[in-house]
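Use the sequences and the hints to build the structure in full.
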Amino acid sequence: DAGITQSPRHKVTETGTPVTLRCHQTENHRYMYWYRQDPGHGLRLIHYSYGVKDTDKGEVSDGYSVSRSKTEDFLLTLESATSSQTSVYFCAISERGADYNEQFFGPGTRLTVL
Amino acid sequence: AQTVTQSQPEMSVQEAETVTLSCTYDTSESDYYLFWYKQPPSRQMILVIRQEAYKQQNATENRFSVNFQKAAKSFSLKISDSQLGDAAMYFCAPDQTGNQFYFGTGTSLTVIP
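Sequence order for the protein chains is C and P.
Quick note: the first sequence uses my numbering, first residue 1, plus one each step.
Quick note: the second sequence uses my numbering, first residue 1, plus one each step.
Just so you know, these hints were derived from the structure itself, not from any lab.
These numbers were taken from a predicted model, which means no experiment stands behind them.
We put the beta carbon where it would ideally sit given N, CA and C, even for glycine.
Mixed in with the good hints there might be a few duds.
[What the hints assert, rightly or not] Just some of the chain P residues that point at chain C, by a computed CB distance under 8 Å:
(1) F35
(2) R43
(3) Q44
(4) M45
(5) L47
(6) F101
(7) G104
Encoded structure:
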C-alpha cells in the first residue's frame, strides 16, 4: 500500500471555526490532491499541488486554501467552516510521467460542521 | 469541467454471475488514461483496472475487464464470476486534462448470495 496518511480521521467542528486537514506521504510523489466526496457527486477536486509551493485550484476550491512547504505534506485549510463543507475528504498522490498516472488515495477524513 | 457519466446509480448481480458497469465521458484529448476505482464500505479507494487510450487492446485484470470504445467515449467495466467481496461503489475516472482527474458519480454494486 502507498504510504499516505491523513489526520485527523474524524473531526466535528462548529460553523465559523478554522479547520486544517493534513496529508502526509512517504512515497516522494510530486503530485498531491485534495478531494471531497459527497453523495450523488462522486469525488470532486478541491486543490492540487505539482511541487513544493506549487498549487492550483480544482473544481470546487471556494472556501478552501492549501499549502505545501515540503514534498511529503499537503495541508487543506477551511478558513471559516460552513455546514456545506461537511463531507469526507480524501488526499491522493501520483507520479505523473511514469508509465501510468494512477492516483493513490489516503484513508479519508470525515468532517462534520455543526 | 469534464463530463463523466455513470448512468447506473445502483446495480445488483448474483454471486458467480457477470455484471457490466457503464461509463461515458467527454474529451477532446487523443491520448489519456482511464481508470476504474472501487470503494468498499471501508471507504478506501482501490484501483481496479487502468486503460491507456492509445492501446486498442482492452485491459484485463483477473476477473475484471474493460470494453473501451474510444470513438464512442465509452469505458465500461465487466466483472466476471462476481464475488461477495466485489460489493462496493465503483467510480470511473478518465484522466483527460493533464493534472486533474474527474470522477463519475459512482455505481453502487450489490452482490446477492
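*Compare the structure with the hints numbered earlier in the document and write down the numbers of the violated ones, lowest to highest.*
Structure breaks no hint.
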